[in-house]
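J.: Sequence:
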Amino acid sequence: MALDDSTQGTLYNTSFSLSPGATGTVDIEAAVKNQTIPFTVSTIGEVGLTATRSTQAVSNSKGPTADTGGPYTVATGGTIGLDGSNSSGKQLTYSWTITSGPGTLQNASTQTPTFDASGVTSDDTATIELTVTGKKGNTDTDTTTVDITDSSSPPTADFTYSRKNKKVDLDGSASSDEGTIQSYEWDVGADGTIDYTGQTVSKKKIPSGTQVKLTITDDDNETDSITKTV
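Note that the working numbering has the sequence shown beginning at 1, numbered continuously upward.
These are calculated hints, taken from the structure and not from any lab test. From the three backbone atoms N, C-alpha and C, an ideal C-beta is built for every residue, glycine too. Honestly, I wouldn't trust all of these hints.
[Unchecked claim] List of simulated lysine-lysine pairs, DSS-like, C-alpha gap at most 30 Å:
{"#": "1", "residue 1": "LYS213", "residue 2": "LYS203"}
{"#": "2", "residue 1": "LYS228", "residue 2": "LYS205"}
{"#": "3", "residue 1": "LYS228", "residue 2": "LYS167"}
{"#": "4", "residue 1": "LYS167", "residue 2": "LYS204"}
[Said to hold, decoys possible] Estimated spans, in silico, between C-beta atoms of each pair:
{"#": "5", "residue 1": "ILE194", "residue 2": "SER85", "range": "52 to 58 Å"}
{"#": "6", "residue 1": "THR156", "residue 2": "GLY209", "range": "21 to 27 Å"}
{"#": "7", "residue 1": "ASP150", "residue 2": "THR127", "range": "42 to 48 Å"}
{"#": "8", "residue 1": "ASP191", "residue 2": "GLU129", "range": "53 to 59 Å"}
Work out the full structure, taking the sequences as your base and the hints as a guide.
T.: Have a look at this one:
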């Protein structure tokens with residue numbers, strides 16, 4: 001018996017002998033489930049006569065199925081494990097790629113690679129594609145996303161002051177940040193000019209009723225300001 005696709009080239013070429021009146025089966029495995037495969041069956045009888053019939057078969061091959069898990073969320077600068085363990089098929093191999101967006105992949109040819117957002121500093125999204133290849137070379141692809149969220153919070157500026165006659169002490173220690181405050185800038189008169197720096201300013205002649213603006217900057221280069229009348 002010969003199986004032949006006359007319109008798309010030979011898909012399979014399998015033959016065996018049958019006695020007249022006997023029956024037989026041929027297993028056809030295709031790369032895609034429910035793929036329709038046209039073929040021709042030719043039989044040769046005892047006296048050498050040939051009978052031919054065209055028909056078609058529908059593949060029941062399951063093939064591999066890719067499953068990326070997800071979607072995933074990770075903080076800027078962080079890492080997260082991706083999980084393709086719900087993929088199905090025999091003797092699978094894995095290939096993960098970033099098709100769009102930032103970040104990098106570690107161990108991208110394993111079932112559970114790591115997405116690394118260490119170079120990302122703001123909100124963003126990466127699209128990840130997983131291709132699995134089965135025992136017979138069949139493949140399947142699945143896609144997911146990794147949402148990268150800015151984990152840092154801006155600092156909060158605050159200060160206290162005390163006046164003795166014409167001299168004023170300024171203290172910015174009431175300011176706060178989840179990281180480290182790198183700089184304190186004092187604008188006396190709120191005119192855009194930085195007059196003093198440092199967390200505290202002592203015994204400066206500042207007229208009563210003057211506006212003082214404190215601007216702080218943290219280790220993520222985020223800033224906050226507050227203005228008070230002293």
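J.: Give a verdict on every hint.
T.: For each hint, the structure was consulted:
Of the supplied pair hints, the one linking LYS213 and LYS203 holds, its CA atoms being roughly 17 Å apart against a limit of 30 Å. Of the pairs offered as hints, the one joining LYS228 and LYS205 holds, with about 16 Å between alpha carbons and a cut-off of 30 Å not exceeded. Among the hinted pairs, LYS228 with LYS167 is consistent with the structure: their alpha-carbon atoms are about 16 Å apart, no more than 30 Å. Distance restraint check for LYS167 and LYS204: the Cα-Cα separation of roughly 5 Å lies within the 30 Å cut-off, and the hinted pair is therefore satisfied.
Judged by the Cβ atoms, the range 52 to 58 Å given for ILE194 and SER85 holds: they are separated by roughly 56 Å. Hint check: THR156 to GLY209, Cβ distance near 25 Å, so the stated range 21 to 27 Å holds. Judged by the Cβ atoms, the range 42 to 48 Å given for ASP150 and THR127 is violated: they are separated by roughly 19 Å. For the pair ASP191 and GLU129, the supplied restraint of 53 to 59 Å holds, since their beta-carbon distance comes to about 55 Å.
When the structure is compared with the earlier hints, a violation turns up for hint 7 alone.
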